[in-house]
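Undergrad: Okay, here's what each chain looks like letter by letter:
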Amino acid sequence: MKILVCIKQVPDPDSRFRPNAGGVWFDEADIAWRMNEYDEYAVEQALRLKEQLEGVPEVIALSVGPERVLDAVRKAMAMGCDAGVHIHDTEASTKEPRQIAGFIAACAKREEYDLIFTGVQSQDRGSAQTGVLVAELLGFPCVTAILDFAYDSGTITVRRELEGGLRGVVRLRSPALFTCQTGLNIPRYPTLPNILKANKKEIKTIPVSDLPTVEPLTISTGFYPPAGEGSAIVLEGELSSLADRVVEILLAKR
Amino acid sequence: RLAEAIGTDALWACTTCRGCQEVCPASVEHVGKIIEMRRNLVLMEGTLPGNGVRSAFAHLEVNANPFGLAYAERGAWAKGVDVGLMAGGSGADILYFAGCYASFDRRSRQVARSFVEICNAAGVTVGILGKGEQCCGEPVRGLGNEYLYQMLANRNIENIRASGAKRIVTTCPHCFNILGRDYRELGLDIPVEHHTTFIHDLLRNGRLSLEPASFACTYHDSCHLGRYMDIYDAPRSILGAAGGRLDEMAYSGRSSFCCGAGGGRILVDEAPGSRISEKRVRMARDTGAPLLVSNCPFCLTMFEDAIKSEGLEGELAVKDLAEIVAERITIKKSEETTGS
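Order-wise, the sequence lines are chains A and B.
Residue numbering for the first sequence follows the numbering used here, starting at 1 and increasing by one per position.
Residue numbering for the second sequence follows the numbering used here, starting at 255 and increasing by one per position.
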C-alpha cells in the first residue's frame, strides 16, 4: 500500500506581513516558516494507518515550492514518513491551487497511490481547493474536513465536519483522498531516532519544468492590508482595571 | 520501566531547584538523573508533559521563543532605548543577552529597560542581538529535549561569535547558567555575568552611585543564582546601598524555597496539588515587608501571579533588583571615560 501526504510550508501566522516588491503577495524577509498545521494532521493520520497495518504501507511526503520547503518535508519524515518528494518550484507562491494540484496529480499518476491525505486548507491562502482538485484530476473519491478516520480491510469510514456542529459519516473504499481538519488527531512529537533517520531517507527532487504546464485561471493583482474601517482598541493591563474600562467604553457607546 | 516505577508525574513535577542535593548527606545527584529520564521520555518516546510544552516546543522550533511571537520582533522592546544592534564587532562594552521574557513579556521588559538605564548611567554601552537572539534553551534542556536545546544553543553561539561580543551580561539566572556553563561544552568561551554581580561591581568601582531611599523588603534567592551559582551576598549588598531594610524569609540563602518555575516548568500546564509559588509568597507576606525583591524573570512572573491568586495585592508587591536600582540612580559623570 502506498500513501501520499501533501504538505505545504506556510509562514508562521504571527509574522509581520508586508507586500512584496511586486505588490501581489507577501515579502519573505523576516518570515518564520512552518508546516501547515492541517497538514500535520494529515501526516499523523497516515502514520497511524501505517502503524495499524504493522508498518507495511509506504508513506511519502510531498511538497511543492522553493528550496526552503525541504524543511517541512524533513519534518514529515522526522515524524515517520518513509520518503519525500520535492516538486521544486521557486514560483509556487504565485500559483493558484489548480496549478499546484496539477503538478501533484502529474507526479501521483506515476505512482499508484492507494490513499492520499492533505490538510483541509493552507494557513496562508486558505483556498481549501488543492486536495479536492488533486482527487478530481486522479479520478479519486474525496472526503473533505475529516475529523475521524477508520480503516478496516480496505473499507474506510470517516466522519466529516458539517455546519452547526453536525458530522457526516461517509463510507468508501480506496483509492481515495481525504482532507484533514483540526480535531482529527494530535500530531506526534518527532523522536530523536526518527529525526536522525530522516536525514538519511531519500527525497526525490522533481523540477517543475519537468511537469506539464498548467495555465492559471486567476492571477493575483494586489496584496495590501485592509483599510481601517472602525478602530480596534487593544486593552492591556490587570484584570480588575480591564473590566472597569470595558464597562466605561460600553456605557460611553450607549 | 524506571520512569513508570518512579511515576511520570513525579518526574515532570521536579523544578530542578537542587534543594534535594543541597541537603543530601550522601551527595546523590537527583537532578541529573531526573533530567536523564526526561530525556528518554522526550527524545526516545516523544512523550511530553502536556499541551503547554507541546506548543512551546513547536513555537521554539519556528520562532525561537516559547510564546510563538514573531522572531523578527525580538529586539522590538529596545525601540527608543539606548542599545545598539551588535553586528560584526560593533564594539559595545557588553552584549546584553535579554532572554525570552525580557524580550517579549510586558512585565519583564520593564526589567530590561531598567537594566539598560543602569548601564547608561554608568557609561556602559550596551549591544543586543535582536532577532539574532534565540531562546537560551535552558528550560528546554531541563525538560529533556536535548536535541532542541542544542539546535538553539548552536545558533546562539554562532550569532554571539558573529557579533564580536567580548562580555555578556544577562538579567536571567537561567540564561546566566546555560550560557556561562553549558554553552562551554559547545564552544562558547566568552565571560557571562548576571546583572546582580555586574551592578554590584559598578557600585564598588564607583561607576554607579545611588541615592538611597529607605524601604522595607524581603529578598528571594532564586535557585539558579543561589544554589547553582553561589550568589547570595552581592544582591543583598546592592539592596543595602539602595536603602533597603531586609527582613529575611523562612528558607532563604542556601535553603531558599523555589518559586516553582524551574526545570522548564514555566512552560508546563499546572501540576496537581497546591502551588509552590503561593507557598513562597505567603512566606514573603509573613515577613511583614511590603516588597519582595527577585532577580529572575521566572520568579517575577510566578510571584506576580501568586500575589494576585493569594489576594495579596496592595499588601505585597514584587520587583526585580534592577528596577529598585534604576529608581535610585544619581547620574554619575566620571572625569576620564574609560572602556570597561
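Certain hints may be false.
[Stated by the list, open to error] Restraint-style ranges between C-beta atoms, simulated for each label pair:
1. G126(A) x G527(B): 37 to 45 Å
2. E163(A) x D523(B): 30 to 38 Å
3. G304(B) x T90(A): 14 to 22 Å
4. G527(B) x T90(A): 27 to 35 Å
5. P141(A) x T262(B): 49 to 57 Å
6. G300(B) x G183(A): 43 to 51 Å
Derived by calculation from the structure, the hints in this document are not laboratory data.
Even for Gly, the Cβ is constructed at its ideal location relative to N, Cα and C.
Undergrad: Between E163(A) and D523(B), does the beta-carbon spacing fit 30 to 38 Å?
TA: Cβ of E163(A) to Cβ of D523(B): about 32 Å, so the range 30 to 38 Å holds.
Undergrad: Is it true that the C-beta distance of G300(B) to G183(A) lies inside 43 to 51 Å, as the hint says?
TA: violated, 20 Å
Undergrad: With 27 to 35 Å as the target window, see if G527(B) and T90(A) comply at their CB atoms.
TA: Once the Cβ atoms are compared, 54 Å apart, the range 27 to 35 Å for T90(A) and G527(B) is violated.
Undergrad: Between P141(A) and T262(B), does the beta-carbon spacing fit 49 to 57 Å?
TA: violated, 43 Å
Undergrad: Should the hint that G304(B) and T90(A) are 14 to 22 Å apart at their CB atoms be regarded as holding?
TA: 40 Å Cβ-Cβ, so the 14 to 22 Å window is violated.
Undergrad: Between the beta carbons of G126(A) and G527(B), is the distance compatible with 37 to 45 Å?
TA: Cβ of G126(A) to Cβ of G527(B): about 43 Å, so the range 37 to 45 Å holds.
Hint compliance for this structure: hints 3, 4, 5 and 6 are broken, all remaining hints hold.
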